[in-house]
Every structure is written in structure tokens, then in C-alpha cells.
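Trainee: These protein sequence lines map, in sequence, to chains R and C.
The working numbering applies: residue 32 is where the first sequence begins, and numbers increase by one.
The working numbering applies: residue 286 is where the second sequence begins, and numbers increase by one.
Since the hints were derived computationally from the structure, they do not count as laboratory data.
One should not assume that every hint holds.
[To be verified] Capping the alpha-carbon separation at 30 Å, the derived lysine-lysine pairs in DSSO-like fashion look like this: (1) K381(C) with K413(C); (2) K188(R) with K233(R); (3) K188(R) with K119(R); (4) K467(C) with K413(C); (5) K236(R) with K413(C); (6) K233(R) with K568(C); (7) K122(R) with K188(R); (8) K381(C) with K188(R); (9) K305(C) with K142(R); (10) K122(R) with K106(R); (11) K467(C) with K391(R); (12) K236(R) with K391(R); (13) K119(R) with K106(R); (14) K119(R) with K142(R); (15) K233(R) with K119(R); (16) K236(R) with K467(C); (17) K305(C) with K233(R); (18) K413(C) with K233(R); (19) K391(R) with K305(C); (20) K106(R) with K188(R); (21) K391(R) with K347(R); (22) K299(C) with K233(R); (23) K236(R) with K568(C); (24) K299(C) with K413(C); (25) K142(R) with K122(R).
Predicted model, so just to flag it, every value in this text is computed and none were measured.
Residues per chain are reported as follows:
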Amino acid sequence: MNDLSTISKPEVARSAGSPPGATAWMDRPLVQLTLVRFLEFIREPEALFWVFVFPILLAAGLGIAFRNRPPDVLKVAAVTPELASALKQEKLLDVVQLPAEQAQEQLRTGKVALVAQPGANGVVVYRFDNTNPEGRTARNLADNAVQRAAGRVDPAKTTDQFMQEAGSRYIDFLIPGLLGMNLMGSAIWSMGFTIVDARRRKLMKRLIATPMPRHIFLMSFALSRLLMLVIEIAVLVGFGAVVFGVPVRGSLWVLVLLCVVASFSFSALGLLLASRARTIEAASGLMNAVMMPMWIVSGVFFSAQRFPDALQPIIKGLPLTAAIDALRANMLQGAGFLQVEPQLGVLAFWLVVCFASALKLFRWR
Amino acid sequence: MTATALAPALLVRKLRKSYKDVVAVDSLDLEVRPGECFGLLGPNGAGKTTTIEICEGLLQADSGEVEMLGLRWETDQGELRQRLGIQLQDTQLSEKLTVYETVRLFRSFYRSGPSPSRAIALVQLEEKQGSRVGNLSGGQKQRLAMACALVGDPDFLFLDEPTTGLDPQARRQLWELIDEFKAAGRTILLTTHYMDEAERLCDRIAIMDHGQIIALGTPRELIASIGVEHVLEFSTSNGSTDRLLSALENIDGVRDVRLISSTVQLQVTELHQTVPALLDELKRQGLVLTELRTHSASLEDVFVALTGRHLRDE
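Pulled out of the complex, with its shape left as it was, chain C reads as follows:
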């Protein structure tokens, strides 16, 4: 499959949107290839939802261009609506209707697509077909929202924070579902502020902050781009002094030193050399270690390296 050779499924150029004096999206460029799962990752307020809602034709951009499946909102609204599957952040579907009635309603808006029962089966809600929406759990409601997005057999699927607020088990179930959509070859644009979710699901990721894309690539490329393989975090009983921090910068294999609240975070290339040197330095300064952790570098670290903040700080 030569997906890259085809026209992009979504092309965004110089997109700009501001609310009063806040610039939500700032001259953003984006390209999603057919058949890929593309992730927009960023903290709350980074402009992910604004971007996705402009692409969905629900918000008007101040300037810039959006082209999707070779179509534009200004001229091809009806056709685009038929071919997009959309799951919005926190839509509450009518609680008095059953799962089946809800999906049947959404199915009636599309000219083609699976039958309501089949769409419900796709999200594994068969047993709940006859239940009122009000009696579903959070994860089940989210899967129902997914069924409503799939019922028009879309060429392009938008998922806006699909797992926010769900418990770990429900999240994993939803991930499996999204894996199946990917396997079926659907193009997906997904936003999330969970880096593990983005890492797990997305072929490519754009990291957003303050309305701009600050990094773009596959999860592996992004992690490699910060040039570290490991992250080492520790704290000491007596707090961390400037003297300690400057000494740490001179240890072999340390790329970057940050103090995040009371924890010191080191980005490290050679863990086996750095750890003994760190322990020596702490002993020399008479500091007692209370916590020590290491992990392989993740997207979270990419975000920290780029912005100096944690994703979930906001």
C-alpha cells in the first residue's frame, strides 16, 4: 500500500483561531495521510479541541485552509458530513432512549453504512442494545458514542479525547476497539492528553502547546529526537540545592537537569555510568536519597524536554 503517494486525507494550512484576546490556534499546519492514526497530543488548553472542531466543520477558523478527502467545508459540506465519523468531547446522548434507538436515529442521517445492530456489535454493546443510555457506565457510553460515529461508515474518523474520565479497564477496552478500526484501514485523527494512549495508538503524533505544533513524528522518532534513552528521577530528604544541580550537569551521560517541584529529573544516555556517579555526588554533599526512579524515555519526556512542563500540570 503506497499510502504516502496518495493525496493527504486531511490537509491544514496556516490555521488560526482566537477567542477574544486568547489565540487558541496559531498558524497551524497539519497533514494526515490516508489510513493512518494521527494523534494530537497536548495539555488541556493547548488548542487540540479547537483544531479538531475546525476540521470537523463545527467551528469557523479566523483564517487558514482545511481540505479533507479532497473536499472543502465551504463548498462540499453535505458530502463531507456523509463521509466523516465524529465523536465529540463530552456529548451526553439522550438518557431516555435505548442504545438501539440512539444508533438507529444516527443511522437515519447517513445514506449508507452498517445496520444499527451491526454498528452496536462493532463496539461490543450487543448485550446493552435494549438498555436506556442513562443506565450505561462511562465506558459503555463512550463506546455508544463510537457506534454513532461509525454508523455512517466514515472514511475519516475524529476522536476527541475518547478515553478521558474512564477507568483503566474501560480505557484498555476502548484502545482495543480503536486498534480494530486501524486494522480496518480507517483514517483516524485522535486528540488526547494521555501520552501512553498516543504512544500506544498513533502512527504519527503532533505535540501541541499554546496553539502550535512543537514536534511531529512517529512516537519512536519523537522519543529519539530528545537524544536520551533514559530518564532518572530522584529526591533527597534535605531538598536539592543549586550546588547539587550544577554538580549533576557535569556527570557523564547527563543531557539535561531539571527541578520539577521537589524532584530532580535527569535525562540520561548512559544509565550504568550515571547512577554510580550520582550516588557518589550525593554522598560527597551529605544528602540522603529518599526516592530514585528510572524509566525509558517516553512521550511525556519529549513534552517535558520541549516545554519544561509536565503534560498533566495544567
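Next up, chain R with everything else stripped away, as it sits in the complex:
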């Protein structure tokens, strides 16, 4: 056949190409396919928004809405300057000095919790609603302040220690949940859309008409997923740590291992969902149908324990539940490899089953 190839194409090309064997690493199919994945992704502003900006907005919004408030300061009114200055010694009271009538008016409309006014014979009168906890608290605070100002000395020395530990707040619960949700969403969407779109455009058919090894095509997805993963973890965990002080108590390598395994099993699930669909509509319907239940039951925003006990074995068997449980245990309780083994097992099971079925079902054309 040698003579054939020499007569069939003289001098055209070949010259300017790089010599075989000396392929630069940039020109390897895996590198090129991964690069292309990456370029396509960053040139899609919507995808960037959903993968990176949206989780942060969500975390910020929920973090602010459910933040632990500083202790409430109660508003009270005093009728005389002496009473006002006595009450101002108490830091938890916000004191206004008002004429008696106006003070009554403010109390009636709930703008102040209590009115302190002088009564007959030097008695101090507190007016407040005794069915309202705020009123009762204000009365105790006000009375302490008045008694101390009058010279009361407490017989026992006491001091306060405040307990607001990072790790027990809602935002601490939320960040690992959002991380899990993000791992699932970005893996499934990126696999699903890229594959179905390539099939619909007949681009996949064109690719398999080249000498490209098919496993390299699939490996490029895994590799680009890993690259994106690094950014995703850094963005979300970094945001939580810097803005809300969300702790990362477990070892970092267990966290990374968890994210990699979770991301690969979600990718395998995405590959399975995209293995036959020919249209984006069909694929996104399928992907939503699979992801939506997990968003709800897998404990992203609230604990999965709230669902009935009978459902727990099923819920615990879902990949997103396993991922989020393990991430929470690692980040909040500092769980090591051994403690997250069951969850890793669940994720590995999904990885193997989905990948094997996807390979069987996958349609290249």
C-alpha cells in the first residue's frame, strides 16, 4: 500500500506539521478535548452564573436571613431625668425620656415595652404588659438598674460567658448542603448538555469518524470535571469560611476525596441520563426528574431526618444524601476517612452502576 499513498498525494501538507512522535503535550487529544470543554464552558455566561455566582448568592441570602441576631435591646420610656439616667446604666435597655402622657401613648402602641415613672412617697412605678415576655424582661432589667442606682450591692460576684460557636448556626449547616447540591448540579448539567448537544449536532458522529479513541472522549469529561471541581470547592467553601466563618474541621484531603468521588458519581449519573436522549428537551426533563426529588429529600436546606423513619433507608441511599451527610460530618464534626466510609460506599455504588449502564446504553450517533 506504500506506493498508493505516495502517488495519491504529493507534497500537499505534511511538511508544516510536527513530526510524529514529537507531539507536544498541548497537542494530545485528551488535552485538546479537555481544553475545548473548558473553553466552551467559560464562553457560556449563563453556565458561569449558575455554577459559581448562584450558589454564592444563595448562601449569602440564606446566611443573612437566618443569621443569629445580636441580643435584643428593649425600648423603655422614663418620665423623669433621674429615672432615665438610672435606667441608662443597663446596656440592654434603650431609654427615652418622655412626658408622662406621651410615654403612656407609646406604651399603648407598643413602641416602648415599659414606662418608669415616680409614684407617691418616692415609689417607682413600672407600667408594662405582664402577658408579654418583652414587658416582663424589661421590668426585671429596669428594676435591677433602679435598685443599683439607689445603692443596692449584690452579695455574690457573678460574670457572664457568651456561647455562640461557629458550626452550630444555620449557615454552617447550609454551606455543605449547597456544596453537595452544586456538585450534583454542575456534574449532571455539564455531562447531560454537552453530550446531548454534541449528539444533536452530529458532532459526536463526526468525532468518532476521526481516529479519536472513544475512552479519551469520556476521560476528557472526567478531567474537565476535576478542574472545575477545584474552583467550585474553593469558591463555595472559601466564601463560607471568609464571610461567615464556616469551619472546615475535618482534614482537607478527606474533603477533596469526598468531592471527587461525589462529583464522579454524579457525572456517571449524568452520563447515564444523557446516554440515549437526542434532544435537549428530553434530556433536561430527565435530569430535572432525577435531581428535583434529591434537592428536597437529601437535606440541602433542612435535615433529611424530618422525613418519616420508613423513608430513611431510601433517602440515605441517594447519592446526594450520602454526599451531603459526609460533607457535613467532615466540615462540621471533623469526621475522618473512616467515619465517612458508609457514604463513600453509597457514592461508589452509584458511580459503578451508572457508569456500567451508561456504557451499555450509550449512543454515539
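Here the structure of chain R is known, so what remains is to put chain C in place on it, guided by the hints.
Mentor: Quick look at chain C alone, frame taken from chain R:
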């Protein structure tokens, strides 16, 4: 160059492929010689794309044999893929990548071949190297597809309807490009349903219809095979009657009479004798001529003579 003395570049024997109850390719034989541009011409649905995709190793035949460059798909898939250049019908390359990025990706799959820039230069897209694929015109996209087919420096080039859907200028540009590939001595298998394209580009042509090859030869041989040099078409204001049609058959130099919609088509050997006789006959029958055309016989006429239909009827 004794191309014919060499083993065929592509040899297809008794190829058969059916989809459910439709037979797409029906025991087809085909031989493409090294260095020639071979055309598969036929209407849509004739089985051209099925045939070419089986040769490209993208479809599995039900039965039959394909041998290309002395290699077979069953045993030499990897080697064949390296040596084929393929342009598929309506592949949409990724719109978010630039021309250069696309060609570089395809180049990475081949062990040797021109650099991406050189492949882009071959199809005259240098100015568009940095443009996104989504911003290219139809003709430019088609040339990019061509660059992707050439980037492995193929021994055999498959072009499946390369100019379908393009405007006349873009078609002509693409033809010039294919002329250059031919001049470079590449073996090309091309499908088309444009007879002018086949006539212009191909050394030899196989006309396909209903999954079979119904004629094979050089364009000149095929045209000569129907035994006519001219085709005369006319229509009359009062329509065409059976009486007219039978009278026409007796005119000197008329080989064949067909009524295609409202137009009468005559295949004619001696135009200068037939035209006056036709005019006389029309006058005798009191018919008024509304349209009269003649042209030298073309591949279209070969197809009409063989099947009784126009290529573009489907």
C-alpha cells in the same frame, strides 16, 4: 501514472443495508480507483449517504464487503481512521470555539498531517482563524468542515453533499477547492444530488436510485449512453394531448417523448430537423407554443432517461 493498474482505493461488493422494511442499499458494487474523484449521484433517499457512511465505518452493513486502501473495518479500524478524511452531511461544529481551536482539536487526533494554520490556509479561511464558528457563513462553515477532513493528511477523502444549501458563489468556491484536492492527487468519493456538480468535478460517476447503481461511467460516457445530443422542451397554451404526443414520436430524430408535468420533453439527435417538423405539427393541430427550450444533453437527462423522473423531484 498507471492508476488503473493499481489495487482499487475502495472496493465494495454486494453491499446491503435495510432499515426496518425499507431497503436503503441493495446489493451494491462499487470500485473507486486511486487518485480519481468518484461521484455518487442520485436523488435524496437514493441511498447515497447510507452507502458512504458504511464505507466510512460509521454504519454497519447487513451484508457485503468493503475494502479500502487494502484494509478492512473489521480488522484495521485504527489504521483506516488515520488515513481517511471525512466530511459528513450537516455536522454542526461547536459554535463557541474559534476556527483555529476547532482545527487544532481535530489535528490532535491524527499522528501526522499539516499544522492547523496550514490546513486553514488550504481552505482559504486564514482571515477567519480567530472567529467563532457561530459567526461563519454557510460556505465558510463548509470550508471549515473541509479543513477538519484534511487535517490528518488523508489518502482518501469522503465528501457527503459538500455544497448542499450553499449559495451559487459559495458553491463555486468549494468546487475550486475540490479541484485543488484533485490536482493534489487525492482520491475522493463525493455524493451530490446536483448533476452540474457531478459533471464538473467527477472523473467517474455512479448514478444511484432506490439503493442501486443504475448507471456508471465518465460524465461523457453516461451522456453518450442515452444516444441523444440534445433535449428539447416545450409547452403549449392548450396543454398537450395524446394525439400530439403520438404524432411527435414519428418525427425524424426524436428518440423519446415524455410528458413531465405540463412540459413535453423530447430527446433529439438532429435538432435542426426536429424543430421545423415540430412547429409544423403544432400548427396542424392548432396549438400555440408558449415555451420552447433546448439544451445539450446533461446528466440530468441521463437520470430522466433511466428513471422517468427528475433528480430534484423528491
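Trainee: Mind listing which of the numbered hints don't hold for this structure, in increasing order?
Mentor: 2, 6, 8, 9, 11, 15, 23, 24
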